[in-house]
Amino acid sequence: MKTLREAALLLVLAVVPALATGLYHPKRPAWSGQAEALPRATIAQAQSWGNRVLWVDARSTEAYRTGHIPGAVSLPMMNWERQLPEFLQAWTPDRKIIVYCDGGSCQASEEVARRLKRELGLEEVTVLQEGWAAWRRDVR
Amino acid sequence: MKALWPWLGRLVLGGIFAYAAVTKLLDPAAFATDIGHYRLLPHSATVLLANYLPWLELLCSTAVLCRRQERGALTILVILCLMFALALASAWIRDLDITCGCFGHGTTTGVPWAMVRNAILALIAVALLRCPARQA
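Here the protein sequences come in this chain order: V and Y. Each number in this note's numbering corresponds to the 1-based position in the first sequence with 77 added. Each number in this note's numbering corresponds to the 1-based position in the second sequence with 888 added.
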């Protein structure tokens, strides 16, 4: 019984700072639904853009080494700081950025795309629909 | 050695949960994004959890380290570990390509390793709960 009382006290105590976080934290999560959806491109659309496309591989470095879209720059979240200079070297304002990950349910491409928009202020960032799996299926 | 392990267990459990809490508190919005990737909860519940869970972790870890309300804190930590295990297992089963979000946004831990670490933390918490108060 004492254990339950202690647990209940802690559960209630946590509510107070949690409320303050929700109201005043500068990085509090927004209540207004999901973040804005990112534009998506199919393989066919991406190919129609030709050399203007800058492919960004959001998968792990190991996966990138195993195989990637020709010309793609590796930029996984976990190696962001280290890989960013390579991305910046490849990027020019006229290029359309298409980020991809494994495909299906992977989230890495969206995370990297949002970070590129948020931290570098890039506008034209697109996510490849079905990712690497689609490339392997349709192009290779 | 027998008398030493509860202290060591407390230090590991409390230390890891305190660290996890602080990293999440630095950026609750990013933590909400990580929770969202599990696709288990509606957005409003995700926001509530992102604001609440880090504080609960911080309070419980402090309680364990300071030995105040310790058994209640350990009980909550065991329940949290079970919840994390379920969430991680569901992500694994659904083949979601996500990081666990255990130590804030952008951490690199994949689901399998997070499950192992979670199980170890749960075992430490259960062992401390079973430890007689005078020995601990």
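Worth flagging that the hints you see were computed from the coordinates, not collected in a lab. Take these hints with a grain of salt, some might be off.
Taking CB as the label site, the calculated pair distances span [as the list claims (entries may be wrong)]:
1) V/Trp157 to Y/Leu892: 39 to 45 Å
2) V/Glu163 to Y/Leu1017: 37 to 43 Å
3) Y/Arg982 to V/Glu163: 30 to 36 Å
4) Y/Leu970 to V/Ala114: 31 to 37 Å
5) Y/Pro1000 to V/Ala121: 17 to 23 Å
6) Y/Val1014 to V/Arg159: 19 to 25 Å
7) Y/Arg982 to V/Gln206: 15 to 21 Å
8) V/Val93 to Y/Val1014: 48 to 54 Å
9) Y/Leu896 to V/Asn128: 27 to 33 Å
10) Y/Trp895 to V/Val93: 46 to 52 Å
11) V/Leu88 to Y/Tyr907: 20 to 26 Å
All values reported here derive from a predicted model rather than from experimental measurement. Note that the Cβ used here is the ideal one computed from N, Cα and C, for glycine as well.
Comparing the hints with the structure gives:
1. Here the CB-CB span from V/Trp157 to Y/Leu892 is close to 40 Å, well matched to the stated 39 to 45 Å.
2. The supplied range of 37 to 43 Å is broken by V/Glu163 and Y/Leu1017, whose beta-carbon atoms lie about 49 Å from each other.
3. At roughly 32 Å, the beta carbons of Y/Arg982 and V/Glu163 sit within the given window of 30 to 36 Å.
4. Checked against the hint of 31 to 37 Å, the C-beta distance between Y/Leu970 and V/Ala114 comes to roughly 34 Å, which is consistent with it.
5. Here the CB-CB span from Y/Pro1000 to V/Ala121 is close to 36 Å, at odds with the stated 17 to 23 Å.
6. A hinted range of 19 to 25 Å is violated for the C-beta pair Y/Val1014 and V/Arg159, which are about 39 Å apart.
7. A hinted range of 15 to 21 Å holds for the C-beta pair Y/Arg982 and V/Gln206, which are about 19 Å apart.
8. For V/Val93 and Y/Val1014, the Cβ-Cβ distance of about 29 Å falls outside the hinted range of 48 to 54 Å, so the restraint is violated.
9. Checked against the hint of 27 to 33 Å, the C-beta distance between Y/Leu896 and V/Asn128 comes to roughly 59 Å, which is inconsistent with it.
10. Checking the proposed 46 to 52 Å range against Y/Trp895 and V/Val93 shows it is violated: the Cβ atoms sit about 30 Å from each other.
11. The hint said 20 to 26 Å for the Cβ distance between V/Leu88 and Y/Tyr907, and at roughly 21 Å that hint holds.
Violated hints, listed in ascending order, are 2, 5, 6, 8, 9 and 10; each of the other numbered hints is respected by the structure.
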